[in-house]
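Heads up, the sequence shown is in this note's numbering, so the first residue is 1 and it goes up one at a time.
Incorrect hints may have been included.
[Unchecked claim] Pairs of lysine-lysine, BS3-like flavour, derived with a Cα cap of 30 angstroms: (1) Lys209 with Lys161; (2) Lys144 with Lys172; (3) Lys224 with Lys161; (4) Lys144 with Lys115; (5) Lys172 with Lys85; (6) Lys224 with Lys209; (7) Lys230 with Lys130; (8) Lys209 with Lys229; (9) Lys130 with Lys115; (10) Lys229 with Lys180; (11) Lys130 with Lys172; (12) Lys172 with Lys115; (13) Lys144 with Lys130.
I should point out that these hints are in silico values taken from the structure, not numbers from a laboratory.
Please read these numbers as outputs of a predicted model, since none were measured by experiment.
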Amino acid sequence: MNNEIEQLMIVGALLVLLAEVTYLVAKLPRQTNGKRNYIFVDTSVLIDGRIMAIAQSGFITGTLAIPRSVIGELQMLADNADTDKRARARHGLDIARELQELDMVDVELFQDGSKAEEGVDERLLTLAKKYGGGICTIDYNLSKVADVEGIRVCNVNDLAKNLRMAYLPGEKMILELVQKGQDNHQGVGYLPDGTMVVVEHASGQVGQKVEIEFIRSLQTAAGKMMFAKKVEAKKQPQQKQKPVQVQKPVQNQKPVQNQKPAVAKQQNRPQKNKPKRSNYVRDREASMVELANSQHKVPTSNV
């Protein structure tokens with residue numbers, strides 16, 4: 001009887017111990033070998049702002065560590081005389097504050113000093129090496145240096161590139177239609193990644209491969225969907241042949257050699273000699289003088 005009681009007590013103690021271990025594991029999922037899984041955030045990520053959407057989606061399982069040196073760099077840019085830089089830096093400070101207010105992600109303001117004498121990029125690499133964490137950045141050069149140093153990089157640009165649509169509106173491809181769509185005139189096909197493509201006015205080509213052109217894309221909570229149209233084969237226009245014009249013979253046409261050019265007729269015409277301007281003026285003056293003299297003569301019959 002006593003042995004059974006002792007066995008029950010031992011089983012109960014083991015169950016209590018198992019429950020405590022399970023609770024600790026559930027409360028500390030971000031602990032690895034006694035160290036927190038830090039992801040150090042770069043200045044460029046806070047200015048970009050897309051880290052907010054990533055954090056709200058719940059894909060960040062580590063601790064977002066915002067170094068105090070990064071906040072100091074944003075503060076320095078916010079005091080800059082350039083209006084564009086000042087606005088972007090203030091936007092980065094707002095993103096840092098909004099990240100701290102999120103409940104689904106652990107955010108810590110890492111106290112490493114308000115200013116990095118060696119540079120913010122070098123400070124991030126040093127912190128990632130020291131604490132065994134990663135770097136979240138969109139800086140191309142910093143991500144390449146981190147790869148060389150063996151540091152884990154979370155690049156927001158790479159994430160956006162991998163999540164973008166495989167085909168954009170206006171692009172064309174050959175697609176096999178496998179079934180009819182919701183409307184009677186629609187045909188449905190699928191891309192290699194499983195994206196459904198609805199082709200307008202293609203219900204008659206189900207089971208065939210047709211050339212399509214993407215029109216638009218639709219992103220829903222259930223997945224992404226694309227709409228397309230068939231590419232009609234262009235008919236080459238037939239070239240119209242011009243009718244051959246038949247020249248009719250002209251009747252009563254005099255030979256060209258008997259026709260005298262107009263220029264020659266003008267040259268053969270006798271030209272009248274016009275008096276020169278100077279002689280005309282001189283003769284007119286002489287006649288006026290003679291008329292004046294005749295008026296001043298006294299008649300001899302009156303003497």
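- Given the hinted pair lysine 144 and lysine 172, is their alpha-carbon gap at most 30 angstroms? The given pair, whose Cα atoms are some 34 angstroms apart, is violated under the 30 angstroms limit.
- Item | Restraint status (C-alpha distance of lysine 209 to lysine 161 at most 30 angstroms) | holds, 29 angstroms
- Hinted pair lysine 130 and lysine 172, Cα distance within 30 angstroms: Violated, because 50 angstroms separates the two Cα atoms, which is more than 30 angstroms.
- Mind checking the alpha carbons of lysine 172 and lysine 85 for me, to see if they're no more than 30 angstroms apart? violated, 40 angstroms
- Query: Given the hinted pair lysine 172 and lysine 115, is their alpha-carbon gap at most 30 angstroms?
  - Reply: With Cα atoms ~52 angstroms apart, lysine 172 and lysine 115 exceed 30 angstroms; violated.
- Below or equal to 30 angstroms on CA atoms is what counts here, so check lysine 144 against lysine 115. The given pair, whose Cα atoms are some 24 angstroms apart, holds under the 30 angstroms limit.
- Task: Measure nothing beyond the straight line between the CA atoms of lysine 130 and lysine 115; if it is 30 angstroms or shorter, mark the hint as holding.
- Result: holds, 18 angstroms
- Item | Proposed proximity, lysine 229 with lysine 209 (alpha carbon, max 30 angstroms) | The given pair, whose Cα atoms are some 13 angstroms apart, holds under the 30 angstroms limit.
- Given the hint that lysine 144 pairs with lysine 130, test it: the Cα-Cα distance must not exceed 30 angstroms. holds, 19 angstroms
- Between lysine 224 and lysine 209, does the CA-CA distance stay at or below 30 angstroms? holds, 22 angstroms
- Query: Within 30 angstroms, alpha carbon to alpha carbon, are lysine 229 and lysine 180?
  - Reply: holds, 14 angstroms
- Query: Is the straight-line distance between the alpha-carbon of lysine 224 and that of lysine 161 30 angstroms or less?
  - Reply: holds, 15 angstroms
Violated hints for the displayed structure, listed by number in ascending order: 2, 5, 7, 11 and 12.
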